[in-house]
Structures are given as C-alpha cells and as structure tokens.
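Participant: One-letter residues, chain by chain:
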Amino acid sequence: MGSAGNGRLRQTLPPTPPIANGCRGFFDDSFQQGPRTAVIQAAIFYLFATVVVASGLMVILAKNPVHSVLWLILAFFNAAGLFLVIGAEFVAMILVIVYVGAVAVLFLFVVMMLDIDFTEMRAGFVRYLPFGMVLALILAVELVMVAGAWAFGDMVPEARMAPKPGVDAQLSNTQAIGTILYTDYVFIFQMAGMILLTAMIGAIVLTLRHRPGVKRQNVAAQNARTPASAVTITKPAIGAGVDTGAGVQPLIEKEGRS
Amino acid sequence: MVEFFQTYLGTGFGWFVAHLILILLIALPVMLCMALATWVDRKVWAAMMLRRGPNVVGPIGILQPFADGLKLFLKETIVPSGANKGVFFIAPIITFVLALVSWAVIPFDAGWVLADINVGMLFLFAVSSMGVYGIIMSGWASNSKYPFLGGLRSAAQMVSYEVSIGFVIVTVVLYASSFNLTDIVESQRGNIFGILNGHIFNPLLFPMAILFLISALAETNRPPFDLPEAESELVAGYQIEYSSMTFALFFLGEYMNILLMCALASILFLGGYLPPFDWAPLYFVPGLIWLFVKIVFMFFVFAWVKATVPRYRYDQLMRLGWKVFLPLSLFWVVLVSGWLVFTGHYSAPVAAPTVVTGGAA
Chain A
1 MGSAGNGRLR QTLPPTPPIA NGCRGFFDDS FQQGPRTAVI QAAIFYLFAT
51 VVVASGLMVI LAKNPVHSVL WLILAFFNAA GLFLVIGAEF VAMILVIVYV
101 GAVAVLFLFV VMMLDIDFTE MRAGFVRYLP FGMVLALILA VELVMVAGAW
151 AFGDMVPEAR MAPKPGVDAQ LSNTQAIGTI LYTDYVFIFQ MAGMILLTAM
201 IGAIVLTLRH RPGVKRQNVA AQNARTPASA VTITKPAIGA GVDTGAGVQP
251 LIEKEGRS
Chain B
1 MVEFFQTYLG TGFGWFVAHL ILILLIALPV MLCMALATWV DRKVWAAMML
51 RRGPNVVGPI GILQPFADGL KLFLKETIVP SGANKGVFFI APIITFVLAL
101 VSWAVIPFDA GWVLADINVG MLFLFAVSSM GVYGIIMSGW ASNSKYPFLG
151 GLRSAAQMVS YEVSIGFVIV TVVLYASSFN LTDIVESQRG NIFGILNGHI
201 FNPLLFPMAI LFLISALAET NRPPFDLPEA ESELVAGYQI EYSSMTFALF
251 FLGEYMNILL MCALASILFL GGYLPPFDWA PLYFVPGLIW LFVKIVFMFF
301 VFAWVKATVP RYRYDQLMRL GWKVFLPLSL FWVVLVSGWL VFTGHYSAPV
351 AAPTVVTGGA A
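Read top to bottom, the protein sequences are chains A and B. 1 is the number of the first residue of the first sequence in full-length UniProt numbering; add one for each residue after it. 1 is the number of the first residue of the second sequence in full-length UniProt numbering; add one for each residue after it.
Just so you know, these hints were derived from the structure itself, not from any lab.
Here are some chain B residues the structure puts well away from chain A; computed CB gaps all over 12 Å:
#, residue
1, 45
2, 236
3, 245
Below are the DMTMM-like pairs computed for lysine to aspartate or glutamate, each with C-alpha atoms no more than 25 Å apart in a straight line:
#, chain 1, residue 1, chain 2, residue 2
4, A, 215, B, 233
5, B, 43, B, 226
6, B, 306, B, 226
7, B, 306, B, 68
8, B, 145, A, 115
9, A, 215, B, 315
10, B, 145, B, 315
11, B, 306, B, 233
12, B, 43, B, 68
13, B, 85, A, 115
14, B, 145, B, 226
15, A, 63, A, 115
All figures in this text were calculated on a predicted structure; none of them were measured in a lab. Backbone N, C-alpha and C fix where the C-beta goes; we use that ideal spot for every residue, glycine too.
One chain only, chain A, in its complex shape (with noise of 0.2 Å):
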C-alpha cells in the first residue's frame, strides 16, 4: 500500500459516509446558531468542572469508603462531560465505558466488601498527622517544581488548534484518534497492550492455585455421556444386589481432570 518512504503504516480509511446534517457532535447545528452558545457553553463547563473538583474532594473527604467510591464515579462522569464540551465524544464515551463502566465497578465490588473497622482507622490519625503533612508537602513542591519545568514543545501550540489530524474537517473524532493511534503510534499502543496483558498475567499467575479436592464440572465430559454409557439396565435376582463396580462411575476421575 505504503508509498511513503519513511516505512510508516499507511491507514486506507473507508469512505466518509455521508453526514445529513453537517456537524454531528452533541451540540448540533441549531444549538451552535444561538447568540447566547458561548454563555450556555461556558455554564457547562464550569457545571462539570464544579461537581469533577466538588466530588474530587469528597473522595478524600468521605468518611465511608463506599461513599468515596461513588464520589469517584461521579468524578469520572463529569469529567468525560468535559470532554465532550470539547468536542472529544470519542474519549468521552471511552472514559465512561471503561472506567465507569468496567474498572470503577471492580472496584467497588472489591472495596464493599473489605471488613473495615472505623473506629481502628481513625484511632492513629494525630499520631500520623505530622508525618502525613511531611508527605504532602514534599509532594506539593514536586508537583510545582515539575509544572513550573514544563516547556510545551514547537508543536503543540498547532496540535491544540487542530487536534484532529488533517484539516479535512469530515474526519470523524473516531477516525481521527484510529488515524493517529494505527499509524504513528502503533509500536507504543502495541506496547502498552503488552503491559497490560503482562499485568493480567502476572495477577493470574499469583493469585492461582489448585486446590485438591474441588468438584468441577466438564461440560465436554458432560456433554460426550450418551444413554449407552452412563445408563446400564440390570435385572438384579432377589437378594443378589447390583455390581456397582462395572455400572455405576465417576463422571471423572479425580486425577485427571482438566
């Protein structure tokens, strides 16, 4: 495909299909036509922004674990808001679905049920209180010590005006972050994929073990039983009894179960 001499993946996109209505972002033509849309976007803006700081601070304030959680969530929610008055739909409903929607639940599946004592949790707190305000503080001047560091490079100024790659304005926020993410960036997503996957490995790997002794079911060993083998019709004399020893077995053995 690749014409390019650089060696760099080139992308084919399918054709842009056709767009009814021009602009098809949340807010779409007949709201972005009203005098007042800088007003209403900027009330938005600072509605999402209040509640992400608001509940922000309630994660760290909230005494119940749970609650913080929750105050987490709404976090997320109003932060994907944010992107989307941006413009970013794309990242917007990614954040939800992911964080929202998937790591947030595990995570408050795992902390609903922790066994957590309060009154224990509180009791060192002034004895801590200084060591605390040491941390925190060293922190904060990291933090500014790294923010003040901070110099944008020659091209990001041109990279916020038009975040989307190309200026073909018909180039959807999806296809945009496909075009991007598939071709420059692909050894780095891949790589982060690898990461990822490594994770997963390695939690499965130290929370595995086998316990002996646990019944499980083969669905395959199940499912390969026929009348023939499993069912075996005796007429047994009076007094005599059945051979348990030919008719009757374990569905599978104990040893050599997958």
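Model the placement of chain B on the given structure of chain A, informed by the hints.
Facilitator: The following block gives chain B in isolation, referenced to the frame of chain A:
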C-alpha cells in the same frame, strides 16, 4: 420543528422548548410501551403455560399494569433502619433515568432521532454499562444479606457479558464503518444481494446475532440468567428491601432496559426502521411501524425464553460468558475484519493524514 419554535420564541429559548417537546414525545410513548410490555410479557408467559394471565382489569386485562402502578403508588415506602439512606434512594433513580436516557439516540425512522450524534452506539453502550450501578448500589445500601449477594452477582454478571456485547457491536460497526446508529441502519439497506435488509441475513454476522441475544438476556437479568433476583434462593435479590415507588422505579427501569435491548437488536441486526425486504411497496409502511414490529418480535422472543428455559447455575453463567462468548466474539471480530479487508470493503484510500509527530516530550 426546531426552526418553527426558533422563529417564534427566539433562537435559544425556541431550541430549548422544541427539544423539551421532542424529549416528551419520546419519553411518554416509551413509558406507555413499557407499561404495556409488562402486560404482554405476562400474557405470553401465561399462554405458554396454558394459563390465562391477567384478565380482570379492563378488556383482556390490558389495564393491569396501570392498576399495579396505582397500587404501588399508594403503598408506604419502607426504609430499613440500617440502610444507607442517600444511596438507598439514589439507586432506583439511577436505574430509571439511565434506562430512559438511552432512547435519545435511537433512530425511530430516517432522520427521526433526538440526538443524531456520531458516537451513538458508544453512548448506548456506555449508558447500558452504567446500569449496573443502580443494582450494586441498592444491594449495598439495603444493608441486608440477600440484596448484597444479588448486587454482587449482578455486578459480576453484567461486567462479564458487556465484554462480549462490546465485541458483537464492533463486528456490526465494522460493516457500517460508523458509530452513528442511523448509519448502522442505512448500511443494512439491501445488504444481501440488494434484496434483504438486515445483518441477520448475513451468514457471517448471524452467529453474532444469536450471541447478542443471549448476552442481552444476561445483561438485562432476564431468565435464564436472572441470578441477581433468583427468587428461589435470594428471595428477590437486590430489590427485596424496596417497596412502593422505589420498587416501581426498579421494575420500570428493568422493563425499559429490556425494550432498549430489543430496539438495539433490531437496529444492529434486523435493519432498524427498514422493512425486511428491499422492495419498494414495503417502504410505504412508515419506518416507525417497522421498528415497532421488530421490537415487539424481539420482546416476544425474550418472553418466550423466559417461559421455556430453566435458570443457569452461577458458575455455568460465568463459564459461558468468559470461556465461550468472549473468545468466540473476539475471534469473530478478527474474522469479520479480515473478511472485510479481503473483499475490499475498506479499499478507498484517503489523503495521507498530516500528523503531529514527536509530541511534547
């Protein structure tokens, strides 16, 4: 309609009023359909069990859901003394609101959609993946054993089946090459030999349609996957402690989610508002009717499954989700994308994107 109100009421206020009316135009029929859906569900279930079902209130019992609603409305709301009150009351509201808000992106006919956003499919997926919060919060806030077990079960179940639903959606989106629901429907116009409308007629996507149906059953906690409420072991799962309107909100939200999944199945696989055959006379019937017929058919399938299939055991449910559906749907994404590239679906090249390389670092 938006322009009409904008000429008479000013741009901003007219926009607001017009959209308020549009929202009501969607929400009220959806709620009415949902009330009737509970009646249809009970009638179909009864018919399959050779019973009569509700037949006292109104002709053939059609007013039964309204009588039930009135009864619930007049009952006392009981809050358990150990309950976490704020979370306890927010949970049913979340379930109900999330079930209602997803209808904003459903195209009822060509162009008949409240929010024609270009990530409509992702929006639906995000909202449906948030539905688990209503259940898990109610289970925890009730401060009781059975609701908690039901909530935990449901959280694990819904997260598991969301994964395979996501991959099934990706296979359809690959065909449409858009997340917009109208585009997804339009991509099914005459997709098989120019005669049939709907991805279900595509042999490559037919297995995914079946997989979507089963995952949708699990996602909406319907039998045979109704373990979160399993009345024989958990009494009623996460909703035991709820009474009166709080229970009604759960009940309504649940049925609205089922209708939404039916609508989603119709849009993804049955061709949405398109007639099943790409034949001109069929287009005289409005698209709304076609979509409605498809949703009713899917709902009948849901009721049919409920009446005929015994409940799964929990480990079997998890096994099905993670060991069968996830690998199968993941493989199918690879298969479908391979097929589409092979057949030249993605052949039209675009201008090379000018990309900012390097970044800030």
